[in-house]
Structures are given as structure tokens and as C-alpha cells.
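Reading the sequence shown from the start, the letters are residues 1 to 458 in UniProt numbering.
Do not rely on the hints blindly, as some may be mistaken.
What the hints assert, rightly or not - For lysine-lysine, the following BS3-like pairs were computed, each having C-alpha atoms within a straight-line distance of at most 27 Å:
| hint | residue 1 | residue 2 |
| --- | --- | --- |
| 1 | Lys-439 | Lys-111 |
| 2 | Lys-14 | Lys-143 |
| 3 | Lys-251 | Lys-222 |
Keep in mind the hints are simulated off the structure, nothing from the lab.
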Amino acid sequence: MNSVNNSLNNAMPKVIPALNSWISKEGTFTLGEKSRILVDASYYQELSITADIFREDIEKISGNKLETASSNNPKPGDLYLTLRCKDEDLGHEGYILEVSEFITLKANTAKGVFYSTRTLLQMLLEEPSHKNLPRGTAKDFPKYRFRGFMIDVARKFFPLSFLKDYVRLLSYYKMNYFQIHFNDTNDEKDAHFRIKCDSYPELTAKEHYTKEEIRELQDYAKLYNIAIIPEIDAPGHARCYTMIKPELALKNSLMDLDINNPETYEFMDKIYDEFAPLFDESFFYIGADEYSGDMGENFNKYINRYNEKIKSHGKKTVVWTGFKTELKEQPNKDIIIDAWTGDEDPNLFIERGYDIINSSGGYTHIVPGGHYPDLKYLYESWQPNMWYKHNCPENSPNFLGAKLHNWNDNKAKGASIEEIDKLIKPALHIFAEKLWGSKTCESYEEFKEIAQNTLLDL
């Protein structure tokens, strides 16, 4: 809930996600021609990149070309970035934003300071001249650790430039995880693996990302405090594999690998050994849903085998729900469960000791030409701990958060990249607010106006 003290009539700034708290002060701060961005000299190495990004974004909004310098002596009109902050409430991602004669942006971590700059940019956009800000103090921190978005590049290829645009977009709204679904199937003749594969060159799709481009994307994302999460899907959604290795397919389905065939494991071992080291983020999705074969004990053994493989590369395995929960052989407890089907009870996984993510289909999936969530319901009624039939405790330490998804089944039915982008953004605004945990207003109509007023061409 928001905490607001407007006794001096400077109302809480309307930003997305909403601020946790705002204490009003009298007066206005003005960004002028002599304003500077100052970085605490003791923390220049940690904050200099954030300061540079901040300077560029302020110029886009206000036209002011601010000097950036290392100094501990801010003057009226300056913006001062520092890590001189020890506030346990803020955790790893929170911050304090003090607007007075000068502006202080401080946090326990560089990530928190970066998020404070995103808030200040929106405050500037909200004000017509883009230079005057209400004086006051914001104390702001997220409710959920995992605030994610997934894009399906397997069935609809997006250029690297678009993925970079979304890195900036996600960071602007304080989302922190960007999952990329790299392989999947449209039909028996149309399936794609979107990263250049050295182990099996014929697996590589015509439109693909080189390893150098993946490295470039991850390095870029780090500047914006976004973690890139890969998904290499198997043993279902596997037509791209069986197109080059038909002997690995199930007898009754070219879409699935035969997990009773030892050669399947030789093949997937090479895939995961090649691509797990390519990514820096600790989370690694191995898929494991919608399998057409027998999903008995051997299927769960498959999951556990590849959990050990992913762990050997220093990663943490994530799987979708769909495996049978009543069998003796169960996925190991160190696997993160991404619960998407909606029918399962998330409390079952929590009680068994799993960490879980809410990806409940009806609420979190966007399929161009197909399913689209009810945005009014999402904003006014839905909460991140709500599945179709069950809720989990919102404060459970095992409940990590939730994720918005763009699935491009059937090539997104001819939708252009621009059309898909327009579908994603309104829902993304809502997810950013819900997962940060505060709320600016009660009605979706008012929220849409705030979103429009804080749009930034990143």
C-alpha cells in the first residue's frame, strides 16, 4: 500500500510503478542550464554508468545537456547520486529520492540508484515543462523479487535491436527479468532454433542470433539492470531437433523427443553443454511441458537428469508445470517451478519446498490473433499471487513473483512486430505496477492516462 503525506500540497508523483511512500515538502525543484549530475566520489566506479545513461535520458526529455562529475558537494539544481545509505527496508532494489534544493538519489546498491533515476525521468515527463519537480521524499522498494517478461522469438523472429529496445523498456518500469524463448514449433514443417549452434550447425534457423550477438545483448542488459534468461525447450516442442535427427522422435509424434532413446540424451547433452555457459544469469529454462509421450516416472527422471546438467554449469533450473505431481519420482526441490496451466494449486509446490513463479495462462499470456488478457480486470482485481482456481500466500518466501508472456503461435497469425509491440505494452504497464506492489489509482481508465503521460521514447 502507498503511504502519502501531502500536508504541504505536493501530491505524490504519478509514476509507474507507483511509489511506496511520499512525504511532501513545500516548494519546487527546477532543472536548469547549470544543473549537474554529481556522483559521490566514493562510489564513482559503481555509479558512473548509471549517471551516463541518466544524462542521456534527461536530455531526451528536457533538452538540457547536463555535466556529469564526481563530487560530494551538490548545489541547488544538482542531481546527486550516492550509495551512502544503510536502510534495511530498501533491500537490494529499493531507493530513497529526496527532492529539495538539489535532488539526492540514494540506495544500498547501484541497482537501487538506477531505479531511482527511472522514477525521476517519469516525474519529469509528468510535468508539462519537463523541468519542475515537486519537493518531497520518496521511499520505494519492490514487493516481489521476480518481475518478468518473456518473448517468443522462436515462432516470430525479432531483430537484436528490438530486444535491446525491450531491455530499456523493462528497466524503465523496474522489471528485472527478460526471458527469451529460443526454440519452438509451429507445425511439422516449421520449427526454429534461434541461436547459432556449433554442435549441430544444421539446427540453426535461417534467422538467428550469433553467439556474439547474445553476448552483446547480455552486456547491454547489464547496463540497465536486466537479467537475460534463456529457454532451450525439450523434450516437447522439439520439432527443430527431429527435423535434423528424425531417429530421436517419438514413434507417434515428430514434435517430441523419445526420452527412452539413449541417443536423445547424447544429443541434448551437447545442446545444454554448448548453451548453458553462453548465459550469465543463474536461471536457465529447460521447458519440460506439453510432452506427448509417457509423462510417468521416466519423464520426471529426465527433468532431474537435466537439472544436474544445468547445475554443473553453475545455473539454477526452471521448468514449466505439466509433470505429474503424484509420482514417487519428483523434480528435485532445487528446481524452480513456473506454474502456467492455472489448474494446479501453487500451495502444493510451496508445501513441498519449491520456489514458484506465476505464469497462469489466462492472466499472463498474450497471443497475437488469439488470447489477450482482460486489462481492466488485471489492473483493478488481479494480484500476482492469483491463479485460476487457487491463490498462494503473497508473502511466502517461496513465491518469487510473476511474468508476462508474448507467445507467437502460428507465426502470430501475420501480426507485425509493431502490432505485437502495441499489444504488449499496456499489459506490461500493469504487470510493472502489480509486481512492484503499490497502486497509484483505483480505476484502469485513470491508470491508462498515467501510462500515457509517462511514456518515454527510449
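So, going through the hints one by one against the coordinates:
no. : hint                : result
1   : Lys-439 <-> Lys-111 : holds (22 Å)
2   : Lys-14 <-> Lys-143  : holds (18 Å)
3   : Lys-251 <-> Lys-222 : violated (44 Å)
The earlier numbered hint that this structure contradicts is number 3, and it is the only one.
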